[in-house]
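Asker: Below, each chain spelled out in residue letters.
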Amino acid sequence: MSPVADASRAPGRQVAMVFDLNKCMGCQSCAVACKMLWTREPGEEQQWWCTVNTQPGRGAPRDWETMGGGYRDGRLVLGREPTREEIGGGWSFNQQDVFFGGHGRAVHLEPRANGRAPAWGPNWDEDQGAGEYPNSYFFYLPRLCNHCTKPACVEACPNAAMSKRREDGIVVRDEEACRGARACIKACPYKKIYFNHVRNVSQHCIGCWPRLERGVAPACVRNCPGRLAFVGFLDDTTGPIHRLVHEWQVALPLHPEFGTEPNVFYVPPLSPHPLRADRSIDESRSRIPPAYLESLFGSRVHGVLDRLRRELESVRAGGRSELLDTLIAYEFRSLLGPFTREPAQIGATESGASESTTEAR
Amino acid sequence: MTAANDARTTEDRYRQRQEFDRATFGTHCVNCFPNDCPVYVFAKDGKVVFEEAAAVLGTIEPGVPDMNPMICQKGLAWSRQMDSPDRILHPLRRAGERGEGRWERISWDEALAETADAILDAIAEIGPEAVVLEATPEIAATIPAARFMAALGGTVLDVDATINDFWAGQQAVFGKFTFASSIDDFFHSDVLLIWHSNPAYTMIPAFHYMVEARYRGATVALISPDVSPSHSHVDYHVPVRHGTDGALALAFCQVVLAEGLADLRFASEQTDLSLLVRTDTGEYLRESQLRADGRADRFYQWHPEKGLVPADPASLRLDFEPLLAGSLDVRLAAGGHVVVEPLLARVRRELDAHYTPELAARVCEAHPDTIRMLARKVARGRTHIILGAGVAKYFHGDLMTRAMLLLLGLTGNWGKKGTGVGGWCSSLFDGHGLALAKTKAGRAGAREIYDGFRAMVGGLRAQDPTLTSELGDRALWRLVGPARGMMPPAFFWYWHAGFKERWNRPEWNDPAMTRSFDEYWKEALESGAWNQSASPPPDRPPRVLLEIGGNTLRRTRGGQGVLLERLWPQLSKIVAMDYRMSETALHADIVLPATQHHEKVALNMPTPWTMLLTMSDAAVPPAGEARGEWEVLAELCKKLAERAKARGVEDYSDRLGAAFRLDDLWSRFTLDGVFADDESAVAEMVADAVEVGNLPAGTTLETFRQQGYTRYAKWGFLALATAQASPFPEGETHAPLRDHVELGHPYPTLTRRAQFLIDHPWFREGGEDLPAHKEAPPMGGDHPFLLSGGHARWSVHAMNTTNPVLLETHRGKPFLLINDRDAAARGIRDDAPVRVWNDVGEFVVPARTSPAQRPGALTVYNGFEGFMFPGGRGHNEVEPGLVKWLHLVGNYGHLSYTPMEWQPVPFDRCIPVDVAPIQEES
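Protein chains in written order, with numbering that gives the first Met the number 0: chain S, 0 to 360; chain G, 0 to 921.
It should be emphasised that the hints constitute simulated quantities derived from the structure, not laboratory data.
Be aware that a few hints might be false.
Stated by the list, open to error - Computed far set for chain G versus chain S, every beta-carbon distance over 10 Å:
| id | residue |
| --- | --- |
| 1 | Leu75 |
| 2 | Ala123 |
| 3 | Glu357 |
| 4 | Ser468 |
| 5 | Gly527 |
| 6 | Leu742 |
| 7 | Asn890 |
Said to hold, decoys possible - Capping the alpha-carbon separation at 25 Å, the derived lysine to any residue pairs in SDA-like fashion look like this:
| id | chain 1 | residue 1 | chain 2 | residue 2 |
| --- | --- | --- | --- | --- |
| 8 | G | Lys46 | S | Gln344 |
| 9 | G | Lys43 | S | Arg213 |
| 10 | G | Lys376 | G | Arg330 |
We put the beta carbon where it would ideally sit given N, CA and C, even for glycine.
This is chain G alone, in the form it adopts within the complex (with noise of 0.2 Å):
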């Protein structure tokens, strides 16, 4: 009997049931948008009873609506996944096929010997990159594994490329994408473009910026091919057909510039529009070419006086105004002359002859006069793409971005209050660095990563006087950051997981390619742009598969069909933490119960969206014999060295010759115990970004167990903060950028600029050196109908797809979406399975038909699991998992790799496919 059926009185119930005995701050420790919500969660008798919004935070801004209460459906029933059947309670060995669902439960003893054992076996066999990590953006996992695989010497999968979250456009235009605004930074726009998302599903506690917005004088657009559920709240939905929005964007650019609406002054200061291009090659000319003895990374303007004039690598600001038409011929080093034009002169022909409104109107079906009055009002108001990361699921997603930006490069609309495009961000909190880099405990060992990390910057700076402290960061990231152990997963997929043949099918690929996949991959390899991250190499195939938070059966672009097929026989064990049955720990060997976030103290996504640092702490006892991250892997160590010791494994080192030993290894990565379990670690973290990052003096658990969150008090000196490139927002919103702007600090690109040319050849050959349209290529075959995905309303990615709560805010399973007409032209009911097919792959699913939904298009949600489809198998058996080429360039200026930015990064949106109802099937 509950205690509210106890009740003598109806008064009795229902007081009885909002009864708590103990009240904690908490959050959720998971990328989503905005991240950091700071919740109260309700504790009675050790179990969490249920949680709130915690409207503890203040008015940033004076006239800007606060940012109370920070909530959503999922943050408010995340205790329901803590005791769900689902929920991991013990530690767990596999006992029939892998996948089939058959355990034997196991002592915490046995299981970490185990899965030593396996680790020493792969390090015996093949050296320590095979044991491979899948980073994950569960933060509270993905520290304590970063640093547990540093100390071991395994390899750190790159997660901006195992979630598919990083946006080439932004990298290809500004040289960084980790800059964003804060989401209240909205209120200030005139004019909002949704678009390439769905903020109604994807941006819920920020959600109100963009109506609050619209009450205070925005105009709301949005851009989207179905009637999306972020419709009903903008003045404009401009359907457009699925990937052409480079060809609007360039649209809206070509009626800017044709009738004189663009801002000049600031597309000649901030862009390389103003720099001078060759007319033969479309190459910028460059002092190398004009001087036996000149740089290939010096770059030239026109002025109206002197002619040619050497473009300033350490500032923007013009005391001229460039000469932006017309041509003017050079004579060149090596002999001859060249006919040069400023890129603006080129991107303008481009336009007229390519993007006028009617031609685009052709491609991407918004009337010529739709594009018209969209870009006036661009052009004449404070504009903010609201771009998701759904644009980076694009084959051509780079370039619509880089479209996007033109658009806002030619009408002065980012570095200032309500205007810009975000990117991604999660590394704003120093502590989170210095956890990953200390050797030595306390803050004396952060001092020592500070103050090399400033001495090393300081040193770039002496050699190279131009450098800017954003570009010396950046510039230091560069230098050290490919070294830190993260590796983009591209080339595991392909030498390891079976990806190498499909990369390689001509006629799943673009059209532009003159050679095949491989050629390209080999030419990216010989260049030697990627020496230091294209590992495990084909010599070293992984052996031990780590999953510390992560899911990769669920995630991984290409399906689970292919890994279970290649990669998952190569693997001697893969262990999964987890604090839920995820579709990866399902097909794993050894389970291991992991705390939930209300059981644990964690820190949250450090982001730019809000500003704050929330905690997570243990409101209650761990659930069964979970444990937390750190503890676990503390121990994992203990018993590393203890069967390494027992078996007698010597000290080993990697490809790269680095030593390792498994004796210290403990005290390696906890610091003689500091990491070795949540409180300490955190507290560690905490205190160090005190003593030198970005919290504010005076900050301690026992303050954010007090406040629940506490804001930053600077930017912080991981290069990936510091491309906020703005003044540190005191007392108002915060605009990323504006140093640039405000100040003329160059942009972390080969010409200083925001770069609309990419000059490589590779982009020439494929028509991209330019912002273009290309049509996506089809991805799976010649079929039908184009499938695609976004982020569900009732999950964060997987987690909560099967909180029961939730399940039953919608129909409790996953669903296609397709369009009411096309459905019935098909035989095809709703709620009913269908099946779908294409080259790649089939899946089963229930239907879901709507009218908003756009005819020929078709939806799958991201998040659900395999496991929740019928045969098991998801929508990601259809995805090929295609990478784009170009994005192997890795020797072109900011186009080479750091970690969690420029890398291949697979596809999911317009997969060809085909669909049927399943009876006519059988």
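Only chain S is shown next, with the shape it has when bound in the complex (with noise of 0.2 Å):
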């Protein structure tokens, strides 16, 4: 079946994802596993479906949050495409001339974007933070794209092209439909649709369908060494991603003011305690404004890091957290719900059926 037929925006199951930031060391191995599987063509060179930034931060797109987009009082929003240049990105670089050129020290190795210096990329203002020293502060943020429940990119999208697939809720576009229009970028608020100038499609996450239809898990979550990342079925009411969304409570969307309604979820970040002028540790905060993480999480981020504290306090009181052991993920198959096959077992062909044999095993 192909993944774009069954356009209908009927409910079905839907596959959700938690980031445990506490977890998060920033190391862009979700990003990369994500560009070297799927974004490696021309026209999408300054594509990565997934970033990892350093909140507070302008991000990617370079303040991707301020562009606009999703659904106010209901209604959908249509804000505006970040710019080349905003998104960053797909560099090119002067080996020939350093290595083969002849020009010893006069040339050294730069990126390069459109023939200039870059101002902006995936990654841009890495471990730069905020605060002041010594009770500066930052913490990472993985993105990709929500698959939202309300997709206002669906919405959006004037050829019909876009579709939530009713068996995992993905959202995917049919290329073949599209037209170019830009108008799921415009509507995404999050900035997470990357239009290939190239082949003059829209392209966003697709959140690794043709590895869940065959039971492996995304890459990004596969390949998190910070084994941070769960994903499953919102609905199997025993995983951890249900638990940790529905039951405690502690896994949060990214600016739920948006309305689209997110799929993907955020374990919030603590942070040490700040330093007074003394340089004594004032126990009774944290050095992350809380004020900052509203900004992202919304009012609930609060009550969600009362709680962590509460059940860090208790097993250093040497209790038990059911919580922190799911957090804890003593097998990584946990953290995979359904999709614990290993990506090698399967081999790929044109019809993306049959079992290749390989010698991995």
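Build the complex from these two chains, which are given one at a time in their own frames, with help from the hints.
Answerer: This is the structure we're talking about:
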């Protein structure tokens, strides 16, 4: 069955993800795993479907939070499309000149974007953060398409090229129906849709559906060495996703006010205690200003952080926490929901159906 | 057109992108942390299309998270180096000036003939020592290269000094540093002190254990001057002034003792704190001082009833509680009396006098309350210090380490799960050792080496019955190690590479030195301690430099400037073999294309961090004319014999009189073909390690190809491996040093105890006989900022610095991290170029401003190549590359050279510099 043939918006099952930001070290493995697998063709140079940015920061695309989109009072809002400079990346380098050009030290290796020194990139403001030394602070935020329950992109598409898959809720685009109108890009408040200038279509994270359908977890989740990304069906009441999102309610969507009802959730970040002017530690506070976290995750974030602190206190006192044990994920497989097959066990073929014999098993 | 663009439907397009026709297990044969990530390499039509973590590892210890998935962003993009424009595809000969970047393509035969002729010229003019190889942690290259050099008689520079990864502080205390916990053992900790490390960058596949330990109840604290990228997951961040960590550690110790929190039973047994020391000289009381026929390596404890009793050299077990306070009058053999006291009494006095939290706070800037709070937690919980190699890169890093270890020794925090501190061990695989030592092919050849080893250790233990198995292995390593051909590069740098002048600048050195560096140098050489290893001597200057996987112009502290100016002109031929254009390859005469990891069969770095050995497989054919190291060196052997015959070159000998022939070089190097290609060489190593070493029975190349990895079956027989001194872990995490703690096995130190006193006269004169805080000397002059470094997130050393995918995960270029207010005060803008300079040199680099940087501090992360900086010179240009004079001591018990251990290593942290925007300059 075609992933896009079923254009119905009737609710089916929803695959969701949870990222525990208290485990994220900003290593970019998810971003690189995605880049290597999905966006290596001409026209996709600037496409990083999954990015990891330092917060507070301007992010990628630069200042994306100010560009608009999503729903206001239940009505679709079209924001603006980021410029290629704001997206950044897709650089070229002058290796030939440096190594084989005969110029000695007159040239050095440097990135070029459209012939100029780049002004932004997928992770340009890495580790800069905010605050004032020694109480400066930052954390890392992995972002990809939220595969929203109310996808503004789907509604905005004038060519009916986009849909939500009934079997897993992944938001997909029929690229043959896409006319490059880019309304989806304007409508997406997360600015996670990219325009392919070579093929004249928009593209975004496909939720690794070609993997999901064979029981393999998305590349970003499966290659996260921090073991912080969970994937699974939101309605699986025994799974960690459901428990973290609905039962314990410690995983929150990013910018819930955008109104699209994301299906990617975040366990918000704790942070070390700040220092007072005399350098003593103020154990009553955390470094990241609560108001900043509220601006990202909504007002529920305070209760979540209190809950996490209580659980940590409890285990330090010798107690046991089912919530923290879930986040520990003693077995890596527990992060993967039903998608626990090793990728080398499947051999992708034209039909996508048969198993290949591979040397690595 | 690509296949994906041929797709008729969206569905086809994306299904096709994950297509592959071959999936093999792979890995990345380079030293990072923790190494040995089993990955899948997916290939299609003879090209690697992508790679992924192979999450195939099982649970080791029930209740401890598994190690899956072991991967990082570098491993995921490794294959992008294979077709990057800096890939070396053909043998090249320099066609312009060195470093100019003009090349002509030549044949392999020409390249090898030219290399062989240069080697023969060097041997004829100087001797085989004039052929120099810089050893490297590129393990797939370094084993064949070292075997080749041993067959030739050339000089191999010790890898732990060329990459600055020898940790003198551990060696001073434990007599060894090649022990470490497995990464999953972090999970057992109650307290994790992230200290001198930035695991969010440098321990990516292991980082989760720290967070998971926190979720289990551990307290995590980060001690670092900057608000480092590891700060956001900790409970406490304690910012300290650069280089004052020793003062902080000693204040922790003061609190532990003053508040009665010390584990004195542990300290008495495991450490020298219960040994008696003289109050007049501060030295240990020795048997030789009490009896004319007494030994200088026998020491005393204080029995509450019996008084003075000899400390048992064979066991740490105590059936009494030695007195740890007070003093005792002792009659000396030479006449007269001396007052002695337990070392702990002296340590306690020093701590109370100089390192109370209030006094230390003035030095390190941590608040006294914070010091007390953390000291109590360390004393009450299983504590592991996540210590990085960064500490070894401070001038007084050894002192800092000794202070940290004193804290662990006082609180019973090693030799138990969840405790301790790690070192660097790359020698866990017997197959590597055998591949270097074997003189006959096959299992019989391995058996011969192994039996010889065992017989020699048996002989040593028969001579000295106090030697445990570990001490026997180590005694043999000390005996034969220095003759194995690795040389501490300090001598090379000093005599041949222009470092003599720098090391002799008194104003850059420690003010406690009473003489010039040269006088200490002379005295150290005259002591005879370095006789075997001070090579190549001044009368044997280098002529040929082989870089096989290494990159001396990028990595050498002291900078490429001094090397290009002083070393390069002496070299008749520089030959670089690599798969990519490195800084050194760019400045070479001959460049040879090597296979990349996914094009060859090789084994990864063997370490206790994971207890895994992984294999990289030839997923695809080599690009261009690239060839594997074993094959190329075997061909070079043939070419040497051929050219020697043509030129009538006779046999030759090295400076110590060892004789070499060239006509049989190929058969000596390859053992008649076994070590002539990757697959055969690796199969030999695996089979040997099954036969006499530490791989499980039944392991073959095929089992690696089926499983992607193997777990070791035992420690193996190399001293650097048996330094773990713990039961081999079956179904549990690995914590080293358990044999010392659980069985009372002595340590390989002078006193057979974890040793905090080094009573060598130089150490006493320098105020370093005990752990102490000393300020970093102004290495490079008097300037307002301190420049430091650290491993990068985006590369493993230089490897992947030019990977086009990874370059987009940062700004695609090096940068100087500067505090935002410092930047504003100097008119420095984010991403604008600045000039950084001091009395050593200068470089230009774009700034990155951040409030996370400590005011007054600057950071350039390690790994960027010179050619990535405007002007072609990087941050190494302002590093004087100083070594510490005390590390020239080579004749004090465990402070003596063995390969990969005790030796002088240059420093690169806390370099005084100044910085200004470029616009100001022009």
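Asker: Please go over all the hints and tell whether each is borne out by the structure.
Answerer: Verification of the hints:
1. Leu75: Incorrect as stated: the minimum Cβ-Cβ distance to chain S is 4 Å, not above 10 Å.
2. Ala123: Ala123(G) clear of chain S: closest Cβ-Cβ about 32 Å, beyond 10 Å.
3. Glu357: Answer for Glu357(G): holds, closest chain S Cβ roughly 12 Å.
4. Ser468: holds, 36 Å
5. Gly527: Holds, because the least Cβ-Cβ distance between Gly527(G) and chain S comes to about 45 Å, which exceeds 10 Å.
6. Leu742: Leu742(G) clear of chain S: closest Cβ-Cβ about 30 Å, beyond 10 Å.
7. Asn890: Holds, since 44 Å exceeds 10 Å.
8. Lys46(G) to Gln344(S): holds, 19 Å
9. Lys43(G) to Arg213(S): holds, 20 Å
10. Lys376(G) to Arg330(G): violated, 43 Å
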